[in-house]
Amino acid sequence: MTGGNFSLPHGNSPPPLAGEGQGGGSAGTAGYYDYPVVRRPVWTWEVPAYFWLGGLGAGAFVTASLAQTFGSADDRRIAADGFYVAAAALLPCAPLLIGDLGRPERFHHMLRIFKPLSPMNLGAWTLTGFTPLAFARAGLHAADTGLLRGPLRALVGLVPRRLTELTGCLLGLTLAGYSGVLLGATNVPLWAKSRLLGGVFMASALSSGSAAVTLQAARRGAPEATLHRLATVESAASLGEMAILTGYLVQSGKAARPLTTGRFAPPFWLGAVFAGGLLPLLLHGFARRGHSRTVRSLSTAAAMCSMIGSLALRWSIFEAGKDSSEDQSASFDLSKAGENLGGCGSSI
Amino acid sequence: MIDGYKRLMNLEEPPPPKKAKGFFTDTSLCIGCKACEVACKQWNQLPADGFAITGNSYDNTGHLGATTWRHVQFIEQAKANGSRQEQRWLMMSDVCKHCANAACLEACPTGALVRTEFDTVYVQQDICNGCGFCVPACPFGVIDRVPKESTFEVGTAHKCTLCYDRLKDDMTPACAKSCPTASIQFGDVEELQQRARQRLGELKARGESTARLYGMPEGKEAAEVGPLHAFFLLLDKPEAYNLPEVPRLPRKTMAERYGWSAAVGIGFAMVAALVFRGGRQ
Amino acid sequence: MGSNMAENHPVGYRWPMKAREKGATIIHVDPRFTRTSATANLYVPIRSGSDIAFLGGLINYVLTHDQWFKEYVLAYTNASTIVSGDYVDAEDNGGLFSGYDPQSGSYDNASWSYAGPPHGPARDETLQHPRCVFQILKRHYARYTPEMVERVCGSPKELFLQVAEVLTKNSGRERTSAICYAVGWTQQSYGAQIIRAAGILQLLLGNIGRPGGGIMALRGHASIQGSTDVPTLFDLLPGYLPHPAVIRGDDTLEQYMRESLVRGGYWSNLPKFVVSLLRAWYGDEARKENEYGYQWIPKLTGDHSHVSTSAAMADGKVKGFVVFGQNPANGSPHAGLQRKALTQLDWMVALDLYETETAAFWYAAPEGWKPADIKTEVFLVPTAGPGEKEGTFTNTQRLLQYHDKAVDPPGDARSDLWFLYHLGRRLKELYLESANPHDQGLRNLTWDYLPERPDPEYRIQDEPSAEKVLMEVNGYTVADHERIPGFERLKDDGSTACGVWIYSGVFPAPGQNLARRRNRTPGNYVDPEWGFAWPGNRRILYNRASADPAGKPWSERKKYVWWDAGAGSWTGLDVPDFPLGKAPDTPAKGQGTGMDLHSGSDPFTLKADGRGWLFAPSGLKDGPLPTHYEPLESPLSNDLYPRQDSPVAKRFRRTDNPISPPGDPQYPYIVTTYRVTEQYTSGSMSRWNSWLSELMPEMFAEISPELAAEKGIENLDWVVVSTPRNQIECKALVTRRVRPFRHNGNLIHEVGLPYHWGYKGLVTGAMANDLVALSEEPNVYIQEDKALTCNLRKGRLR
Ligand SMILES: Nc1nc2c(c(=O)[nH]1)N[C@H]1C(S)=C(S)[C@@H](COP(=O)(O)OP(=O)(O)OC[C@H]3O[C@@H](n4cnc5c(=O)[nH]c(N)nc54)[C@H](O)[C@@H]3O)O[C@H]1N2
Ligand SMILES: Nc1nc2c(c(=O)[nH]1)N[C@H]1C(S)=C(S)[C@@H](COP(=O)(O)OP(=O)(O)OC[C@H]3O[C@@H](n4cnc5c(=O)[nH]c(N)nc54)[C@H](O)[C@@H]3O)O[C@H]1N2
Ligand code: SF4
Ligand code: SF4
Ligand code: SF4
Ligand code: SF4
Ligand code: SF4
Ligand SMILES: [Mo]
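Chains as they are written, first to last, in my numbering: chain U, 67 to 414; chain D, 33 to 313; chain S, 2 to 799.
Quick caveat, the hints were computed from the structure, so don't treat them as lab data. Ideal Cβ positions, reconstructed from N, Cα and C, are used throughout, including at glycine. Take every hint as true, because none was put in to throw you off.
Computed cross-link-like contacts, EDC-like style, restricted to lysine to aspartate or glutamate with a CA-CA straight-line distance of at most 20 angstroms:
(1) D:K180 to U:D166
(2) D:K38 to U:E171
(3) S:K622 to S:D304
(4) S:K320 to S:D347
(5) S:K170 to S:D67
(6) U:K320 to D:E277
(7) D:K209 to S:E8
(8) U:K181 to D:D158
Quick partial rundown of chain D residues pointing at chain S, CB under 7 angstroms, derived from the structure:
(9) I63
(10) V70
(11) K73
(12) D81
(13) I85
(14) A110
(15) R116
(16) W121
Generate the whole structure from the sequences, applying the supplied hints.
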């Protein structure tokens with residue numbers, strides 16, 4: 067191939083046998099056959115389930131906390147159930163997270179070091195910190211409503227209410243947002259190409275979390291005004307979610323194909339976008355003009371849609387991302403010179 | 033107490049650093065014998081990945097993975113016009129790049145992935161809990177997790193160790209040792225880089241116009257992940273070898289990602305506060 | 002050429018690669034674009050089976066462009082020798098040489114001999130005599146033009162000319178070129194002639210006996226060289242002594258030793274070698290009175306080669322079969338017939354590291370035989386692998402290297418030496434009392450190979466000592482059992498014993514096993530203290546030719562061995578392959594025997610006339626000059642001669658061995674068989690290994706995109722490849738590395754088949770040898786599996 071002083075036939079590079087069928091270095095693309103550039107993520111269903119529940123719990127906690135601080139007495143009373151929702155949603159999170167590990171018995175190694183540079187480490191610490199706070203705050207609520215009595219009640223009484231809510235909100239928001247950042251901190255084109263995925267997951271967490279609070283409120287027979295306010299909060303999150311999702315899809319461009327046109331298009335468009343975003347907005351819109359009975363059922367329906375949509379969003383982006391990892395040309399696009407520098411840059 | 037914690041968490045003091053070691057893989061010398069691939073499997077007692085022909089030239093293992101830490105690529109190139117006078121068959125032995133800024137290592141939540149005293153990137157098998165984050169983090173598709181049902185080191189992440197065990201005993205890595213043509217050259221990274229520059233010059237002078245280095249400090253591929261401690265002399269553009277033009281380091285965009293997330297969260301909190309507040313009047 | 006060195010000798014190929022980096026030009030001539038082609042500077046395609054046309058073209062180019070190395074050719078070859086007036090060249094006789102007997106299908110080569118007295122052939126130093134070798138050569142190859150090469154070989158003319166230019170520019174006083182070949186050349190019905198053609202080319206260019214020159218046979222198995230030297234070949238005794246044969250009239254030792262006169266040159270010492278061999282074998286029972294036991298050696302009655310024996314076995318003429326480290330049911334030609342042959346045996350002993358296709362034929366063969374219907378009693382004996390026993394390997398360079406035993410073999414496995422020794426010992430015990438003359442050879446065999454003290458480190462305590470065998474191989478004086486330093490010391494009076502004369506000197510004294518040496522010699526790239534090369538530690542044969550007739554190196558760059566007038570001796574980097582004290586100007590004696598007939602400037606000491614043979618007056622059964630024939634099966638007719646194929650190759654015309662006629666439309670494609678790096682020969686050593694098997698897991702047929710398109714075949718489709726013998730199914734690997742050849746406007750397709758798969762192992766697959774015919778090249782009895790014809794269709798067998 068090289069060497070010698072003779073002018074020889076294969077010194078120069080011929081073009082690869084692009085699109086020429088068999089025997090070429092590649093069929094159709096510039097890469098090495100159709101092998102993926104990056105490895106397919108090994109995570110399974112536990113991960114999107116955890117992201118969903120963790121986000122939902124966090125969203126519910128934040129909504130409930132905000133209601134405690136800023137809301138009316140009704141709002142506070144009704145929304146405090148959100149702490150139950152948060153605790154309930156968080157309950158399966160750790161098992162899910164652990165269940166996905168290759169070596170579950172070594173879960174505690176996550177806490178071996180503190181390494182916020184790794185979103186997963188940050189997430190593990192956050193979950194570890196947030197879960198007891200959510201339970202403590204739920205306990206307080208139980209004490210408040212007389213569900214808890216005796217020494218337990220006394221113990222719970224020691225919990226500083228405001229501080230728990232404040233740190234809980236910070237940790238909750240971290241928990242709600244880090245999952246999208248975690249997926250983004252990979253080289254999977256669908257997850258990493260746009261930098262908005264963290265925002266998308268955050269919005270989805272808040273919309274589903276607030277929806278869960280709304281759902282519980284509707285079940286508990288909350289006053290219409292409170293329901294409307296909760297619906298407004300939820301709709302704001304949904305609107306934000308739709309907006310940032312649009313930005314995410316636009317930025318992702320061709321990398322989004324596995325999500326928008328692949329086998330995950332139905333759950334994404336029907337579940338995440340329609341059921342999770344547009345439909346709740348519509349239903350809440352109708353509810354605004356309805357009577358208290360219809361308001362309650364419409365709100366319930368909207369909230370359920372939102373929660374299911376949020377699951378559909380996590381699940382379809384998660385699964386489509388796995389397919390996207392096998393999209394060779396998207397990987398090349400992702401790593402084109404000039405493509406990935408810039409932004410807020412290397413500040414972390 | 034602290035000792036107990038250290039024991040529970042397997043915390044140890046790292047050994048003092050030594051000279052950075054790495055590979056210069058010169059694909060213009062590769063004859064595609066796959067001795068490196070087999071030597072690696074033998075030394076590390078890795079199982080076979082399966083027995084199926086791929087139809088992709090003579091490559092039947094396809095890519096690097098949890099149990100294939102060296103992998104030889106075969107790229108058949110010929111003129112599209114049917115003339116075979118200018119055909120080439122490029123061969124390249126791929127491996128973990130031991131990036132100076134290693135995405136896998138940065139991603140690892142447990143600290144299982146460490147930088148050794150030889151400035152290589154190494155998975156501590158007793159620490160890894162198989163979280164799988166390193167897998168999609170690596171821009172080169174190198175590291176992978178063994179499936180949970182497997183006869184080999186179930187559920188943990190694996191990749192080239194740069195024969196850490198051999199280096200500790202002053203031995204050459206098995207793959208480099210077995211390479212008959214010195215396509216895989218092992219040594220001090222700086223010296224290898226020097227050699228690579230010289231080699232490229234020689235090839236260029238011989239008219240090998242498409243030769244290039246990949247993973248050198250001065251290359252654009254080092255922009256994010258830094259110089260690769262296992263770097264390559266290629267005979268075609270990186271994409272032909274499935275190598276990204278500018279491998280990404282996820283850390284570089286993480287702040288922005290958190291930023292957007294936080295913005296949404298704060299935005300929501302403000303809106304919700306306003307809405308609830310509105311209810312108080 | 003005729004070898005895929007990068008794939009099949011990857012470790013050795015490091016040297017060509019190093020040379021390439023230093024500026025050497027590597028040329029690869031092969032039907033397929035292989036890993037060697039990919040790493041060569043120049044790849045030239047060639048249609049399988051047409052190598053002689055290509056090499057003949059090069060010879061013609063060298064002659065017509067006056068590029069031959071004049072002084073070398075004149076002094077060191079038989080260019081000037083005048084050939085008998087009875088000689089008729091193939092050019093003038095439709096592709097046949099004089100002396101052909103169509104009845105027996107063989108040549109009487111009397112007319113090929115030199116003119117003049119046998120001991121002083123007539124020469125014309127001006128090379129003008131029409132019957133001198135040089136002129137005959139010129140005429141013989143005159144029609145092998147670049148255009149003809151392109152037509153016959155399908156090699157583009159420009160590329161052929163490029164090869165010719167590179168070779169001629171790189172030869173002469175200052176430069177040398179080497180030719181490497183392996184079974185791409187040998188496994189053809191005229192394989193020996195292809196190598197001869199390369200020999201002629203190298204002689205014309207002055208590339209023999211010189212560093213960087215030569216024709217290198219890249220040997221196959223570990224120590225396959227050793228098994229030719231200490232032969233497992235039916236027609237040779239150790240050290241290339243001919244095996245006594247009834248047809249040659251070797252009735253007595255006296256008659257047998259006439260061979261030394263026929264061969265002349267250094268071969269005049271043959272009586273010393275043979276008597277010493279008999280002394281080594283039969284010890285004190287080998288006495289002058291009983292012809293040193295010569296009569297105890299069975300005489301050959303005909304062709305007992307592997308292929309012929311298989312045919313006889315298939316006909317039920319062979320009762321028992323001991324198969325050591327071979328897998329004929331898969332690796333040998335016409336494997337289906339080989340398997341059938343195994344069913345005709347009474348018993349078979351297979352000694353192997355693995356259960357091979359051969360060992361398992363009785364229950365696992367694709368023919369689906371029921372074990373109950375097989376009458377052959379099969380014994381599978383587990384053997385020790387290389388690390389589990391000590392001994393020598395003789396490599397491609399004739400270098401003996403000793404290796405130690407590292408561990409005991411597992412379980413019942415024993416070394417081949419153990420098996421042979423104890424089998425022999427028990428047989429001897431069995432025949433101890435026999436008075437039958439047939440048994441005297443066995444009774445009198447020296448059989449003393451157990452070590453004085455077994456190595457206490459090992460479990461197996463009755464392991465014979467390989468060093469004791471090597472000691473006998475080296476040779477000793479009978480009277481005092483003192484080892485001899487080399488074969489020069491051998492005598493034909495029964496006072497010396499030597500097992501393999503060419504190896505003599507390898508173990509000259511106790512504790513001096515030279516095959517164990519691993520010393521580098523700074524300043525001498527020959528490294529004469531690394532192992533031991535036969536004969537007498539010479540690394541390059543005929544190295545006297547590295548100096549000019551006056552004994553001075555042809556060039557300072559290429560100096561190797563030269564005459565030191567001051568010391569009155571030959572000296573140099575290597576052991577001179579020449580009588581040390583014979584000065585360059587020593588004239589040849591007209592009288593006498595052997596070396597006396599050579600002058601001080603006749604380097605080819607083993608040749609009767611001391612010269613390199615451009616023209617071979619004897620020794621070959623298929624002609625004195627390589628001539629292009631088509632393979633026994635070919636889609637083309639011979640473009641050069643009316644004679645289609647080798648007139649003397651053995652065809653085995655049997656109903657179970659049909660061969661398709663030239664241009665048979667039923668079998669329109671050429672098929673060739675070969676190896677890939679990832680697997681080893683019949684696969685019994687590699688297909689049990691998961692690391693190798695995953696690299697090449699399935700049998701495939703390499704075909705060009707053109708043929709694939711013609712047949713509607715996609716990559717990885719199943720295809721059926723058929724010959725008149727059998728058909729197999731495998732996956733198609735469609736690749737541009739395979740190409741069709743253009744001939745008279747037609748596309749001639751070539752199909753490539755590796756031959757590594759079988760029905761045992763981690764991975765299994767069809768056997769290419771099911772397609773190959775039984776056939777024999779006439780000189781060395783090898784099958785033609787590099788060029789045959791086939792048909793191919795998309796689909797599966799069933
Ligand atoms: N990895 C590996 N190494 C091996 C072996 C193995 O099985 N695997 N086997 C060992 C053994 S036993 C041997 S004998 C050697 C053999 O070594 P090689 O001779 O190199 O072996 P092959 O692959 O059989 O054939 C060489 C080449 O001949 C080409 N060829 C076919 N027909 C023709 C022709 O008509 N003319 C010319 N010029 N070329 C032709 C084929 O395309 C092939 O590339 O390898 C040894 N080394
Ligand atoms: N179509 C086609 N056929 C061919 C060829 C071709 O190119 N094309 N090439 C031919 C050539 S060159 C060759 S060499 C043959 C090879 O053909 P075979 O010799 O029949 O095949 P191998 O698989 O090499 O068989 C060698 C056996 O020796 C065993 N073995 C290894 N070491 C030892 C040992 O120390 N002791 C004992 N007892 N056994 C041992 C191995 O396990 C293996 O089973 O095939 C020939 N057949
Ligand atoms: S190549 Fe991938 S696995 Fe190797 S060090 Fe770099 S990021 Fe880690
Ligand atoms: S799988 Fe193991 S090595 Fe990879 S990031 Fe997780 S803990 Fe670290
Ligand atoms: S350095 Fe060691 S572990 Fe890495 S590829 Fe080479 S042999 Fe395998
Ligand atoms: S061992 Fe060396 S020559 Fe062989 S495939 Fe590996 S890198 Fe290439
Ligand atoms: S198998 Fe042995 S003989 Fe063959 S190339 Fe490898 S080292 Fe050399
Ligand atoms: Mo062989």
